[in-house]
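Q: Sequence:
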Amino acid sequence: MKIGTIGAGNIAQAFVRHAAQAGFEVVISSKSGPAALLDLAAALGPGVRARTVEEAAQADLVLLSVPWDAVADVLDRVPSWNNQILLDTTNAIQFPDFKPRDLGAKTSSEIVAELAPGARVVKGFNTLAAAVLAASPSESGGQRVVVVSGDDAAAKADVLALINKMGFAGLDLGGLSTGGRLQQFGGAFSGVNLVKLPA
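According to the numbering used here, the sequence shown is numbered sequentially starting from 1082.
Keep in mind that the hints were calculated from the coordinates and are not lab data.
C-beta atoms are modelled at their ideal positions from N, C-alpha and C, and glycine is treated no differently.
Mixed in with the good hints there might be a few duds.
Distance condition first, Cα-Cα at most 30 Å in a straight line; then the derived DSBU-like pairs of lysine-lysine [to be verified]:
no.: 1; residue 1: Lys1246; residue 2: Lys1277
no.: 2; residue 1: Lys1083; residue 2: Lys1246
no.: 3; residue 1: Lys1083; residue 2: Lys1112
no.: 4; residue 1: Lys1180; residue 2: Lys1112
Quick list of simulated restraints, FRET-style, between CB atoms [stated by the list, open to error]:
no.: 5; residue 1: Gly1222; residue 2: Pro1177; range: 38 to 46 Å
no.: 6; residue 1: Gly1272; residue 2: Ser1161; range: 31 to 39 Å
no.: 7; residue 1: Leu1275; residue 2: Asn1091; range: 17 to 25 Å
no.: 8; residue 1: Gly1185; residue 2: Asp1141; range: 30 to 38 Å
no.: 9; residue 1: Leu1121; residue 2: Glu1195; range: 29 to 37 Å
no.: 10; residue 1: Ala1124; residue 2: Gly1185; range: 36 to 44 Å
no.: 11; residue 1: Gly1222; residue 2: Asp1157; range: 44 to 52 Å
Model the full assembly from the supplied sequences, consistent with the hints where possible.
A: Below is the structure:
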């Protein structure tokens, strides 16, 4: 599986480090362009390369990790989605109040799915603080839990397999309308650091 990222902030960096350590090739991108990311790509691990947003979006799995206000514009730069997995880490936060955005009846990832027709959207890697996500997946004798939701069962299975290869424990919360609401900013799983202990 080839992985790309749209966005290169703290969450994306934590994800890429774990993916690179697990042996995946990763292409990172941001609005600043690849030249601005060369040193970061080298620091994140072997197999990490800096490319344009359009090039990163050609990967089998694309991590979306940008501020909520940038989501529509950055997805508009992608000409088309060809059934790739779009792993949505975004959180719809209202600044400067630091409160959940009023999105009406839809979850943030349902909106992302509407903005990326042809992509199979899975919500994940958005509930943990960047520093927690960047730490070892092993915690207190168990595995740190990463929750996911999505409407495509095969896409979720691929993401859960990736999570396990990275050393985390995946937990499926259901579809975007139900599970997505639990894990988006302000939801029951937002900011909760769970550990799965051995049976």
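Q: For a quick check of understanding: which of the numbered hints are violated here, in increasing order?
A: none
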